[in-house]
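Undergrad: Using the sequences and the hints, build the whole thing.
Here is what each chain is made of, one letter per residue.
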Amino acid sequence: MGYTILKKEELIPGQTTMMVIDAPQIAKKAKPGNFVMLRVSEHGERIPLTIADCDKEKGTISIVYLVVGKTTAEMNTLREGGRFADVCGPLGRPTHIEKSGTVVCVGGGTGIAAMHHIAKGHVEAGNRVIAIIGARSKNLLLFCSELSSFCPEVRIATDDGSEGHKGFVTEVLQDILETEDEVAEVVAIGPVPMMEAVCRVTLPFNVKTTVSLNSIMVDGIGMCGACRCTVGGKTLFACVDGPEFDGHKVDFAELKARLWQFKEQEEESMELFSKECQCHGR
Amino acid sequence: MADRKQKKIRGRTPMPHQDPQVRAGNFEEVALGYSREQALIEAERCLQCKKPLCQEGCPVNIDIRWFIACLVDDDLEGAFNAIRRTNSLPAVCGRVCPQETQCEGRCILGKKHEPVAIGRLERYVADTYAARSACEEVTDLAACALEREDVRVACIGSGPSSLTVAGYLAGRGIKVDVFEALHEPGGVLIYGIPEFRLPKSVVARELDGLRQLGVTFHTNWVGGKTITVQDLLEQGYGAIFIGVGAGLPRFLGVPGENLVGVFSANEYLTRVNLGRAYAFPNYDTPAYRARRVAVIGAGNVAMDAARTALRMGAKEVSIVYRRSEDEMPARREEIEHAVEEGIRIRCLCGPLAFHGDNQGRLKAMTVQKMELGQPDESGRCSPVCLEGQTEQISCDMAIIAVGTRPNPILLEATPDLKLNKWGYVEADPETGETSMPNVFAGGDIVTGAATVISAMGAGRRAAREIAERLL
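Protein chains in written order, with our numbering: chain A, 1 to 282; chain B, 1 to 471.
Keep in mind that a hint or two might mislead.
Unchecked claim - Partial list, derived from the structure: chain B residues whose beta carbon lies under 7 Å from chain A:
#1 H183
#2 L248
#3 V260
#4 N266
#5 T270
#6 D284
#7 T285
#8 G360
#9 I409
To be verified - Now the in silico label distances, taken between C-beta atoms and shown as ranges:
#10 A/E276 / B/A204: 43 to 53 Å
#11 A/E264 / B/G253: 26 to 36 Å
#12 B/T219 / A/E276: 25 to 35 Å
#13 B/P415 / A/K58: 26 to 36 Å
#14 A/K31 / B/P437: 23 to 33 Å
As the list claims (entries may be wrong) - Which bits of chain B does chain A cover? Going by a derived footprint, with three or more residues having C-beta under 8 Å, they are:
#15 67-73
#16 213-221
#17 251-259
To be clear, the hints were calculated from the coordinates, so they are not data collected in a lab. Just so you know, even glycine gets a beta-carbon here, dropped at the ideal spot from N, CA and C.
TA: Structure representation (C-alpha cells):
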C-alpha cells in the first residue's frame with residue numbers, strides 16, 4: 001500500500017516536521033520545484049506541498065511542513081508506518097535549471113526545504129550555488145547540514161544574531177549582489193513577505209529572480225483556477241504555469257489577499273480539531 | 001401493439017420532485033424518479049414507430065423502442081439489457097442527458113403533443129434494476145473472469161468517455177486500467193455535477209458495476225505527470241484512450257477578476273462536490289460564505305453553480321447572462337428548476353468590472369446592458385452593448401461559468417499528439433484515433449466542453465474500434 005510514512009522527523013519540535021513517504025511512482029518522475037497534492041484522511045482537504053527531496057531508487061519523496069492549520073496539525077498526529085489517504089504528483093513545472101554560472105538560492109522558514117532541492121539541482125547542473133538561509137534564531141534553521149553537504153557556500157542570517165549575520169536574508173543578498181561580479185539568477189522560496197523583499201533587493205541589480213508561489217489550490221492539475229495569480233499583468237495558474245515565476249512581475253499584494261480567503265473557515269476547522277484532540281486525550 | 005396507436009394520446013407523466021422550497025435547503029436529489037406504475041403509464045405512450053427517430057437522436061444509439069416495449073411488457077431485465085448493450089452508465093444518462101435535444105427531441109409524439117419521457121424511463125429502468133450486479137447482468141456470474149488478461153487497455157481520466165470505453169471493453173473480456181488524477185474516480189460526474197442532480201451513490205453504483213467487470217481504477221495518477229502516454233505504450237498496453245476532460249477554466253479578462261470572492265465554477269463546484277464543502281467542518285474543504293451571489297454564464301455548469309450557492313446558504317443568487325433567456329445553453333429543465341428555487345435571471349447584461357473593498361474582497365460588479373443584434377456564427381443572436389447603459393450590482397461572491405480551454409498537462413507531455421486549431425486533441429470522428437497509432441481520444445478534450453452523453457458516444461466509437469483491433 002502506497003503513501004506510507006517511512007520516516008518522521010521533527011526538525012523543529014512542535015513546529016516543523018519532515019516526512020519520508022513511500023511513493024515510487026512519484027519519486028520516479030519528481031524533479032526539483034515539483035509539488036504534490038496530499039490528503040491526510042477521507043474527510044481531509046487537498047493541500048499542495050513542495051517535494052523537498054526524492055530518492056528514485058528507494059521510491060520515496062520527502063516533504064517538510066509547518067503546522068499552520070487543521071490539515072498540518074492532523075498530519076502531525078500520523079506516525080511512522082501510518083499512511084496518507086492520497087498523495088498525487090509530481091505536479092507543477094519543474095524548476096528551469098541550466099548551466100548559467102552563479103546562482104544565489106535564498107530560503108526562509110519551511111521554504112528552505114524546497115530551496116535545498118532546487119539548489120541541489122543547480123549544483124548538479126554545474127552551477128556555483130550560494131545558499132542563503134534565514135530564521136528568527138539559530139535553533140530554527142532548517143536543512144543546514146544537508147545544504148552544506150553539497151553546497152560549499154552557505155550563508156546564514158538570524159534575527160537575533162545567534163548564528164551568521166544578525167538580520168535578514170535580504171541584507172546578506174544585497175551584500176552578495178554588491179560584491180559578486182556576475183550573478184546569473186536569484187531563486188527565493190519562503191514566506192511571501194520574504195520573497196517580495198528579495199525581489200525588491202534584486203530589482204535595481206537587474207538580476208533574474210525566481211520565486212515559488214504557494215497559492216491556495218484545490219485540484220492542483222489546472223482545473224479549478226483557485227491558484228491564479230497576476231504575473232506581468234496576465235492571469236496565470238500557479239499549478240500548471242508555475243509554481244515558479246519571475247518575481248519582478250508577480251502581484252504580491254493580490255497573492256497575499258488571496259492567501260487569506262478562507263481564514264475564518266480555517267480558524268473554525270482548527271478550533272474544532274483542537275477540541276476533538278483534547279477529547280481524545282482524556 | 002397496433003391498437004395502442006388508436007388510444008387517445010395522454011400527456012407526459014409528470015416527474016415527482018422535491019418541493020422547491022424544501023430542496024433549496026438541501027443537497028438531496030431534486031427529481032425523485034418514477035414509481036413502477038408511473039413508468040408503465042409513460043411507457044405505454046410510446047407509439048413503437050417503425051423508424052424510431054429517437055434512437056437516431058441518441059449519441060450512443062440505445063435501442064429505445066425495444067427497451068420501452070420490454071417495459072410495457074413489464075420485462076425489466078429485457079429493458080435493462082437493451083439499454084446496457086450500448087450504454088454503460090444508464091442511471092447517469094437518465095438524469096443528466098439533454099434529452100430534449102436528443103432522443104426526446106426526435107420523438108414523433110413531440111410534433112403535436114409531448115414526447116415520451118425517454119430519459120425518465122431510462123432512469124427508472126437503471127435504478128430499479130440496479131439491485132443486481134453488473135456482472136450478473138452480463139454473465140450470470142458474481143464476478144467476471146476476464147477472457148483476455150494479455151490484452152490490456154489504459155484509459156487516462158475517469159469521466160464519462162473513459163468509463164464508457166472501460167465498460168464496453170471489459171464486457172468483451174479485455175483488461176482495462178483507468179488512471180485518474182483526482183482521489184475519486186468519476187471525473188465530472190464527481191467533481192462537477194452536484195448531488196442534487198446526480199447523487200454520488202448513483203455514480204458509485206455504476207463504478208462498482210465496472211469493477212465487477214474487471215476494470216481497475218488507479219487514483220492519484222496524473223496523465224502526463226505521474227504517467228505518460230509513452231510510459232503506457234512501453235508498458236505494453238495495446239491501446240490507450242485519452243479522456244482527460246475539459247480543462248482550464250476561462251475567465252472574462254475584466255478588472256477585479258482575481259479579487260477574493262470571485263471563483264471559477266470549477267473551483268466552487270469542486271470544493272462543494274469533491275471536497276464535500278457542504279458538510280464543512282465535518283469535511284475539511286471550505287467554501288466561501290456569501291449572501292449575494294452572481295453567476296456569470298447560463299450553461300448547465302452555471303445552473304449547477306447557482307443552485308449550489310443557494311444550498312450553501314446564499315440569500316440571493318442571480319444568473320447574469322449577456323443574451324436573452326431563449327439563447328441560454330442550459331437544459332430547459334435545469335433553468336426551470338433554478339427559477340422555481342428562487343434564482344433570479346438577469347439577461348442582457350455582461351460584467352465590465354468587479355469592485356473590492358480595501359481588503360481585496362469582492363463587494364460589487366458593474367454590468368453592461370445589452371440588446372440582441374444579428375445572429376452570429378453560432379446561429380444565436382449576438383449581444384450588442386447599449387452605449388452608456390451600465391448598472392452596479394452588489395454581490396459578495398461571483399462565480400464565472402463561461403467555459404474552459406484545453407488543460408496543458410497531458411498535451412505538453414505528449415508532443416506527438418496533434419492538436420486542432422483550438423488546441424484540443426485531433427481525433428478521427430469515426431474511430432477516435434489520434435495522430436499517434438493506437439492512441440485514442442474522446443470527450444471534452446477533443447470537442448471542448450460538451451455533454452456527458454456526447455463524451456460517452458465518443459467513448460463508444462473508440463471502444464468499438466479498439467475491440468476490433470485487439471480481439
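Undergrad: Do the Cβ positions of B/P415 and A/K58 conform to the proposed distance bound of 26 to 36 Å?
TA: About 31 Å separates the Cβ atoms of B/P415 and A/K58, which means 26 to 36 Å holds.
Undergrad: Within 43 to 53 Å: is that where the Cβ-Cβ distance between A/E276 and B/A204 falls?
TA: At 28 Å between Cβs, range violated.
Undergrad: Within 26 to 36 Å: is that where the Cβ-Cβ distance between A/E264 and B/G253 falls?
TA: About 30 Å separates the Cβ atoms of A/E264 and B/G253, which means 26 to 36 Å holds.
Undergrad: Range hint 23 to 33 Å: satisfied by the CB atoms of A/K31 and B/P437?
TA: For B/P437 against A/K31, whose Cβ atoms are near 29 Å apart, the range 23 to 33 Å holds.
Undergrad: Between the region 251-259 of chain B and chain A, are there enough contacts, at least three residues with CB-CB distance under 8 Å, for the coverage claim to hold?
TA: Result for this restraint: holds, n = 5.
Undergrad: Mind checking the CB of B/N266 against every CB in chain A and telling me if the closest is under 7 Å?
TA: holds (5 Å)
Undergrad: Holds or violated: the hint that B/T270 contacts chain A, with Cβ atoms closer than 7 Å.
TA: holds (5 Å)
Undergrad: Mind checking the CB of B/V260 against every CB in chain A and telling me if the closest is under 7 Å?
TA: holds (5 Å)
Undergrad: Please check whether B/T285 passes as an interface residue: C-beta within 7 Å of a C-beta belonging to chain A.
TA: holds (5 Å)
Undergrad: Holds or violated: B/G360 as interface residue toward chain A, Cβ cutoff 7 Å?
TA: holds (3 Å)
Undergrad: Regarding the hint that B/L248 lies at the interface with chain A, is the smallest CB-CB distance below 7 Å?
TA: Where the cut-off is 7 Å and the nearest Cβ of chain A is about 5 Å from B/L248, the hint holds.
Undergrad: Less than 7 Å between beta-carbons is the criterion; does B/D284 satisfy it with respect to chain A?
TA: Holds: closest Cβ of chain A sits about 4 Å from B/D284, inside 7 Å.
Consistency with the previously given hints fails for numbers 10, 15, ordered from lowest to highest.
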